[in-house]
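Novice: Using the sequences provided together with the hints, build the complete structure.
Chains as they are written, first to last, in the numbering used here: chain A, 1 to 262; chain B, 1 to 50.
What the hints contain is simulated information worked out from the structure, not anything from laboratory work. In this text, all values refer to a predicted model and were calculated from it rather than measured experimentally. Glycine is no exception: its CB is placed at the ideal position from the N, C-alpha and C atoms. Among the clues, some could well be false.
Just some of the chain A residues that point at chain B, by a computed CB distance under 7 Å [claimed, not checked]: (1) 114; (2) 158; (3) 161.
Here are some chain A residues the structure puts well away from chain B; computed CB gaps all over 10 Å [stated by the list, open to error]: (4) 26; (5) 51; (6) 74; (7) 87; (8) 111; (9) 118; (10) 131; (11) 154; (12) 177.
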Amino acid sequence: MDLLDDVDNGMTSSPCPFPTETNTVKSGFIMFWVFLFLRETHAPTLLRKEAAKIRDAIPESQSPLEPPARIVATKVLMLALVRPIRILFISPVIFLLYLYGLYFNFWSNVLFTTIGLVFQSSYDVSTPQTGLTYLGLGVGGLFSVAIFGHSSNWIIQHLKARSNGDSKAHFRLPPLLVGFHFASVGLIWYGWSIQRVAYWPIPVCGLLIIGFGMLTCQVDPCHIAIERPETDMLSLLFRSTLSTHLLVTQPQLQQQMLLHVR
Amino acid sequence: MAGLAGIPLYRGIGYGWGNTLMALLNIVCGLIPITLYLRGDALQELIQRS
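Specialist: Spelled out as structure tokens, the structure:
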């Protein structure tokens, strides 16, 4: 655990070859391309475009449609902010799921930000090499997408048929119920194999199981968001952007904070 | 900020127990979606009645 002590003292023995600036530039670059290829799925915007198209097609004198109302940006923003927050505290179901999501984000963030340090402190690997250990998580995630991406719809159809065609939001939950077990088993596997400094593929296998469970848990809130889009989209957006930036700035932040504490 | 807890956690009780603690808490928190799945309908009714 020498390396952990070093970080605690505010200095790393092996400096990260990619500083924060590089990471920020990279994430900005990716974000740019994502926005370029992202499909517009915001229902009101789509409807507005559709209405505009119809309005243009018929001559103005015969048009039964009212002219478009002016969109006030502050109103849209307030609506987008207030409504999800209200539902979060009014609906106990959403609030409970939010609590679960909170803990999920806690442990996944702890894991993500420490894998590199953990491997460097237990095994004789360099910083760039520890990046390869994330492949374990990635491959596990791929398995999860391959299995639950395909079976998710089937599960819902099956449950729907069983309850006489009634569709409920909690029909989206079964993959999560499987996923968090895998994640827990994977965490124990990973932790103890690192502790005993086992042959390196063994903790990476643990990471594979964690990755499988993690993505299975994560796909689910997205699906629930489809069922109740207004409640979850904002939190998903917040969560993803916040956690990404926390990941990027984490080592520096950690050093700063620990320096101030001492 | 969650990531900040990682290093003190691992330093305190080691990798094995640190990760086991996270896994056990994960199972405890997993009771929430299990309850929602099994008793989701009853909960919804309870809320609507009150």
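Novice: Under the constraints set out in the numbered hints, which ones does this structure not fulfil?
Specialist: 2, 3, 8, 9 and 12
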